[in-house]
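Novice: Here's the letter readout for the chains.
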Amino acid sequence: MITQMHVKGLMFDPYNNAYIVILRDEHQTDMLPIWVGKPEAGAISLALEDVAPPRPMTHDFMKSYLDAYNAKVISVVISDLNENTYFAKIHLMHEDSEYTVDSRPSDAIALAIRSQAPIFANESVIRKQGSDELERWLENLKPEDFGKLDS
Amino acid sequence: MTTSAPSSTHNLIELLVSRVVEDSGTDTRIVVLTRPDTESDTLTIWVGASEGEAIRRVLDTNVTPRPMSHDLVKSFGEHFGIKTERVVLTDVKSSTYYATVYLSSKGVERMIDARPSDAIALALRTQAPIYVTPDVWKRRSGQNLDAWLNKLESKNIGTQEV
Numbered sequence: 011m012i013t014q015m016h017v018k019g020l021m022f023d024p025y026n027n028a029y030i031v032i033l034r035d036e037h038q039t040d041m042l043p044i045w046v047g048k049p050e051a052g053a054i055s056l057a058l059e060d061v062a063p064p065r066p067m068t069h070d071f072m073k074s075y076l077d078a079y080n081a082k083v084i085s086v087v088i089s090d091l092n093e094n095t096y097f098a099k100i101h102l103m104h105e106d107s108e109y110t111v112d113s114r115p116s117d118a119i120a121l122a123i124r125s126q127a128p129i130f131a132n133e134s135v136i137r138k139q140g141s142d143e144l145e146r147w148l149e150n151l152k153p154e155d156f157g158k159l160d161s
Numbered sequence: 154m155t156t157s158a159p160s161s162t163h164n165l166i167e168l169l170v171s172r173v174v175e176d177s178g179t180d181t182r183i184v185v186l187t188r189p190d191t192e193s194d195t196l197t198i199w200v201g202a203s204e205g206e207a208i209r210r211v212l213d214t215n216v217t218p219r220p221m222s223h224d225l226v227k228s229f230g231e232h233f234g235i236k237t238e239r240v241v242l243t244d245v246k247s248s249t250y251y252a253t254v255y256l257s258s259k260g261v262e263r264m265i266d267a268r269p270s271d272a273i274a275l276a277l278r279t280q281a282p283i284y285v286t287p288d289v290w291k292r293r294s295g296q297n298l299d300a301w302l303n304k305l306e307s308k309n310i311g312t313q314e315v
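Which chain is which? The protein sequence lines are B and U, in order. Start counting the first sequence at 11; every next residue gets the next number (the numbering used here). Start counting the second sequence at 154; every next residue gets the next number (the numbering used here).
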C-alpha cells in the first residue's frame, strides 16, 4: 500500500543542524519527516516557492537532461527506511517504457516538484515513523519551529 | 535546449580538472582546470560549497555510500542509453562561466545549458572530455592567481579530507 504525500514545509532542526522536509497525507493524519542537508533543503525550497534562480540549479539541470530526451517523471515513492536512512524510487517513462531509478529522497522530491509529479510513501515507512521516539521529539517542537511554507 | 547538431571539437581546448581548493572562511570552492599541454596555465571557477564537493568527491575516488545528485543524472543516462559526449565552457560574463553539455542517444544529439559545476560534475562521472572555447580561455579571469592559490592550498593542508 502506498499513500500520496504532499510537501507541507521545511523546517530547521537545530539539534542536528539539518533540515526536515515534512510530508503529510491529504487527510493530515500521517506525517513523514525526512532529514536532509542544507543544499538539498535549498533545492526543495526553491522549487516549492516557485522561484526561478538566475542560473539553473542542479535539479533544473537534471530536469533539462530528462526533457532533452522526453523522459517524464511519473511519480516518486519514499520506499524504505533502514537504519534511519530513507530510500526513494523515481518512476519514469521513456520511449513507451517504464523505468525505476533508485534515489535519495531529497533528489526525488526536488525532481518531483519540478516535474509536477506526485510523491508517494510506502505504508511501512509511515508506520515505522509513527514510533514513540518520533512523537516525543515532535511534541517538544514549538509551532514556530515549523517553516513559513506550511501555509 | 536546442536541437542543432553539436559542432565539432575543432579549435576547442581540452581541460583537465586539477583540483578543488577550499576558500577558507567562505562558502565557496575553487575548481582549478589545467591544459594538459601547459600545466602552468590554469582556469579557475568559483562554485558553491556543495557543487565543489560534488566535483571533489569524484577526484578523490571516494565512493559515497549513497548516490548524490550527479550520480542520479549518470544513473538516468545508464537507464536510457544517453551518453555525455562532452562539456564545453562556452562563455564568461562578469566572471560568471557558462557551459553546454552535449549528449547523444541512438544517434540523436542534444545540447543543454548548465552551470560549469553541474557540467563538470557530470563529465567526471561519465568520463566525458571537458573543453573551453579559445575565446573564453583568452578571457578567463585570474590568470595571475597561481601564487595566491598556492598560499591558499598550503594553508588548507590537512583540512581537505575532514
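Derived by calculation from the structure, the hints in this document are not laboratory data. Please note that a few of the clues may not be correct.
Which residues of chain B face chain U? A few of them, derived with a C-beta cut under 10 Å, are [stated by the list, open to error]: (1) Pro49; (2) Leu56; (3) Asp60; (4) Ala62; (5) Tyr79; (6) Ala81; (7) Ser85; (8) Leu121; (9) Ile123; (10) Ala127.
Think of the CB as a built atom: it goes at the ideal place given N, C-alpha and C, for glycine as much as any other residue.
Novice: Take the hints in turn and mark each one as holding or not.
Specialist: Hint check results:
Satisfaction of the interface hint for Pro49 (chain B) is found here, the shortest Cβ-Cβ separation to chain U being roughly 4 Å, below the 10 Å cut-off. A distance limit of 10 Å between C-beta atoms decides the matter here; for Leu56 (chain B) the minimum to chain U is near 13 Å, and the interface restraint is violated. Proximity of Asp60 (chain B) to chain U is violated relative to the hint, the smallest CB-CB distance being about 20 Å (cut-off 10 Å). Below 10 Å, beta-carbon pairs count as interface contacts, and Ala62 (chain B) has none with chain U, the closest being about 14 Å; its hint is therefore violated.
Here the hint on Tyr79 (chain B) is kept, as its CB sits about 6 Å from the closest CB of chain U, short of 10 Å. The closest approach between the C-beta of Ala81 (chain B) and any C-beta of chain U is roughly 6 Å, which is under the 10 Å cut-off, so the hint is satisfied. A hinted interface residue such as Ser85 (chain B) counts as satisfied when its beta carbon comes closer than 10 Å to some beta carbon of chain U; here the least separation is about 16 Å, so the hint is violated. With a least beta-carbon distance of about 8 Å to chain U, the hint placing Leu121 (chain B) at the interface is held under the 10 Å criterion.
Because the smallest distance between the Cβ of Ile123 (chain B) and any Cβ of chain U comes to about 14 Å, over 10 Å, the interface hint for this residue is violated. Contact between Ala127 (chain B) and chain U, as hinted, is not supported at the beta carbon level, the nearest pair being about 14 Å apart and thus beyond 10 Å.
Figure legend: structure checked against the earlier numbered hints; hints not met, in rising order: 2, 3, 4, 7, 9 and 10.
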